[in-house]
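Take a look at the letters that make up each chain.
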Amino acid sequence: MKVYFSAIFALATAVNGFQSAGFVRTSSRASSAMSMADGEFDFDVAIIGCGVGGHGAALHARAQDLKTAVFAGEDVGGTCVNRGCVPSKALLAASGRVREMRDTAHLESLGIEVGEVNYSREGIAAHAKNLANRVKGNLEMSLVGLGVDVVEGRGALTGKPHEVLDQKTGKVYTAKDIILAPGSIPFVPPGITVDEKTVYTSDGALELPFVPEWVAIVGSGYIGLEFSDVYTALGSEVTFIEALPLLMPTFDREIAKQAERLLIRERPIDYRTNVFASEVTPGIPGEKPVTIKMIDADTKEHVETLEVDACMVATGRVPNTANMGLEDAGIETQRGFVAVNGKMQVLTKHDGGDVLPGVWCIGDANGKMMLAHAASAQGISAVENIVGRPHEVDHAAVPAACFTHPEISMVGPTEEQAIEMAEKEGWTLGKSQGNFRANSKALAEGEGNGIAKVLFNKDTGKVVAVHIIGLHAADLIQECANAVAAGTTVQELSMMVHTHPTLSEVMDEAFKGAVGMSSH
Amino acid sequence: MKYTITAAVLALLAAQEGVNAFGINKNVQRTFSRATVPDSVTQLFAEGSQITMPALSSTMKEGKVVSWLKSEGDEIEAGEAIMVVESDKADMDVEAFEDGVLAKIIVAEGEMAPVGEAVALIAADASEVDAVISSFEGGAAAPAPAADAPAAEAAPSGGELPDVEHTEIFMPALSSTMSEGKIVDWLKQVGDFVEAGEALMVVESDKADMDVEAFEDGYVAAILKEEGEMADVGAPVGILVPNEADIASFSSATAASISTPSATATPTTTSSTGAAPAAPECEFSQIDMPALSSTMKEGKVVSWLKSEGDAISAGEAIMVVESDKADMDVEAFEDGFLAAIITGEGETGNVGAPVALIAAEESDIPALQAYAANLSGAPAPAAPAAAAAAPAAAAPKPAAAAAAAVSSGDRVTASPLAKKKAEELGIDIGSVAGTGPNGRITASDVEAAASGSAPAAAKKAAAPAKPVWTPAAGVIAATPTARALAKKAKLDLASIVGTGQLGRVTADDVKIATGEKKVERKRASPGEEVIELPAGFVPFTGMQKAVSNNMEATLPVPVFRTSREIVMDGFDGLYQKLKKDGVTVSALLAKAVALAIEKHPIINSSYSSKEGGGIEYNSDINIAMAVSIDGGLITPTLKYANERSLLELGENWKELVGKARTGSLSPDEYQSGTFTISNMGMFGVTEFGAILPPGQGGILAIGATQEHIVPCNQAVLGMKKIKKMTITLTADHRQIYGADSAMFLKTLADIMENKLDLLSK
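These protein sequence lines are chains A and B, in that order.
The first sequence begins at 96 in our numbering and counts up one residue at a time.
The second sequence begins at 2 in our numbering and counts up one residue at a time.
Just so you know, the hints here were simulated from the structure itself, not pulled from any lab data.
A portion of the hints provided could be inaccurate.
Claimed, not checked - Quick list of in silico lysine-lysine cross-link-like pairs, BS3-like style, CA-CA up to 25 Å:
#: 1; chain 1: A; residue 1: Lys352; chain 2: B; residue 2: Lys71
#: 2; chain 1: A; residue 1: Lys553; chain 2: B; residue 2: Lys90
#: 3; chain 1: B; residue 1: Lys725; chain 2: B; residue 2: Lys578
#: 4; chain 1: B; residue 1: Lys491; chain 2: B; residue 2: Lys519
#: 5; chain 1: B; residue 1: Lys756; chain 2: B; residue 2: Lys600
#: 6; chain 1: A; residue 1: Lys526; chain 2: B; residue 2: Lys90
#: 7; chain 1: B; residue 1: Lys519; chain 2: B; residue 2: Lys581
#: 8; chain 1: A; residue 1: Lys352; chain 2: B; residue 2: Lys488
#: 9; chain 1: A; residue 1: Lys438; chain 2: A; residue 2: Lys162
#: 10; chain 1: B; residue 1: Lys90; chain 2: A; residue 2: Lys352
Please model the entire structure based on the sequences and the hints provided.
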């Protein structure tokens, strides 16, 4: 079978692509049609991967009364629950308290006096671990409770349509539709040796094995930023090593600048930009430091060597799609990413691939938006398509948040991207800003730093993007995401009543400002 | 954010041919040209611009500068955030619109400024900073005072003062006969602000030393006559300027004007060594001492950030130079290798003089080092092997030899104590193997080397209390905050003992080094609070100064002390009886003493030097009593104590003490004493001697009342318990003699023991 498919593809590329591939599709579809007969498959839907995406897909599949199996790969909960959002929020919550309680100036301004604030590293680490276990338990119970078959082993494609191999037992199951939700793993650039003790990715960092005096964080994206928040709150000093010329390269520039002021400059953090950590050698705590050699990103010449206590590698994530039979099934990945169309149907390859019938891919593995809630939305969308209700996730309306103190949140493109979009698509970009400094609730908290900016289409009034940095920004973005999703206009939003006195009035100020009104 | 460019017309030091402001004279293929003194002063235009308070929102009228992200003298790039401004809406970073150097901050952190008002000045480059500042201060029309510095240099005898508003301070005529005066002491230094009426200097005339006061407000811009120097009456001895910014121009100009021609800096130091040595035939360039400011004549190399042999790239900081204004990083202008350091750390070089050579190829380094040795007239750095083989041999330059001895080839790093020890023990520090962080040489390393014992490292390895880690070459063992703080404090991290992980320098270490933080000391028993003891100098308050002066004033007086015991049972009984009426011990004592003085007026007298000496009697008996108040000592006075009733004295005393605590005593209430009582009995002090206050003849020190068992025939057991108190009179023996003192004490004892009815009258 393997040989057969490879041959087809060799032919497909060699002769004239799509027609040959189209042949495969047609034949598959025929077999798919035949399989509609009852009892031919073990399951209606088999989901490979049990992270937030797989879980969301499974729940929705059960809601549609589909016979559903989840191949958990001994990792119920996946990255988010076990090694990502969930435990990191526990660390951020605990360390955030420490930061607040040690901020005597802030507390004194509220009339509060505190003594020395201490923490137990073990206690904080245990809090993260316990939370992950609890959420994982809840997640597993909901699957079982809803009648999803949970297969322990990791699932893999066999090369034959509708087949999923349990890599643990070697048993092959059949399913009418297969949803790939294998997730992702941390990316470790070449030259970096990870021992998960002194040099670690987010996987190791979440266990908080020790609080280093000085930690270098390679990469200044969400993960690096969140961990710098944790570490500095607990008393570490941080050095960011960023390969791009600017810190926080993926963020809206204006927000990134605010973030630099609030989250970096005021803290024991320094940084090197435009350099690669070309060689990172683990150390032994208390005996030997971690050695980080840095080279210039352009010239590749050695610029500096750091000797730190720990090094966290937060250089992004790569799909966890190796060794799961994708090649056998005729799926060509790019840097591990599986190509999908808007309906989450797997394409045989990036750039002009054809739909591989009965195979879907959601979550980090398709690279559309590497966020837990996006994966879940994609899972639900895939199931909708499976049951014949065409659906596509509007990724422009998927919000994201970074849980630093203060938080950063966003929906839609950055201002830079929006300017480009507006120019290209021929509409006028409008911009309005709300300010935390002008918000009673924020002032009551003594947290007046931050802005919320609304980017909108002046011609239609529709909200294009919103970027917020400030107190509880992550909780403020939802209204904006809903507005983007529903196409609500700033005119409509400006007339909607916001609760007083709440932080939501920061958005009220921005929406009103967009239509020339003043909120105060 | 708007910034208006104000092109100031300024004359500046010509940088084109002679002194290269950036410190590098390129030299390619033997076209070696040394920096020369500019022989003409060319007019240049300095471009300065202002940063104004931006309007961050439509409603913003004024803004507060929350923080400056750049310091004066910092280079700034267009687009770089330079300050944080708080508007009515939010804190925002304000960015620079062009490259330059932050010349001057006008609105300091925490201060407000209306929108549109200048908050800072930006100069096109470091050399124009002063010019931009003075143009702002003095207006664009005023010629830049900076230009006079080089002019003065070109014509050392000229000595013209810059054309900036200023006032000359003249040597005053302190007496009708005074023709010249000596400056004993400058009470203000250059840069200090003086108010009209404030003492500026102390001048010694033919009669006396006198404080000379300033007649108007201003800043001391220059001191023309140093302490110890003489000046004719009417000759200028200093210069005052109304604006702080004008100081720089004067200090340099006047320095040049009063210095002798030979003392004027000549950048071409090497020319004095005779025939210029032949340059090697390879591509190299020379780093010269840069002119970091328009007034800079010479600079000290604070530290080399690169060592000989290090690769350097254009734009990289290679050394820190201390100018007359600030420490500045000096950057390389081209890529290459630091071949030879001519001016070592701590050494001073004239502006334009070569401080190092840069080789294009690594292989040319030895040739350039040989050349550099000739160039600087200094011996070539000792070869590593030689230094290691003969550690005891005195190296011509410790730093150079040390650099050779340290295995990493880096410059020597030794703790200050180690350096001092090495000097004391006569050891070449370069021969000592360092075991401290960064391979730093510690005091114990020096001691080990002196005693010939094995290096401390071996001992440490045997008992690794804390593992020793030697950072790799080029690694700065300091946390990010420590680095930032050290840079701010201009401290060499290598000079700070690291206490962090693996000997790393932490923020606390830097703070301890700067004195911002004290070394934490643990109490022996845990849980006990660490007691913070005050340390360091605390200037006297006015009252403390007065006390100090008063205590010294009577040092030459020949005083003597006489003591006597007084039985206090009767006195105490009287006090217990009168206490309820508000009568205090102080009032009782004052009255008793005053009554005793009535009988011995000599005790109430003071010595007078009039007519070869005499006794100044006081007709009033005013009893001053020392009262300790927070951080001071004062003597409220019960006037006419002999004439007033106890109750009156008691009430008066209460009032005086209250005033003393609030600091509202009038001079008459604390300066009118004719005799003083100092009572420390309430503290349990049994007896003591007091210091005579100026202008009085005596002071009585009162000790505590103690119980004694004394023989008594009438008592059942043949003894009884009595209360006794010791009093000690300190008196001026010039007019009060031993007999006077003894008689006075006897009378006082008689009153307090037997004539208590006199008191309660």
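Violated constraints from the hint list, given by number and in increasing order: Hint 7 alone not satisfied by this model.
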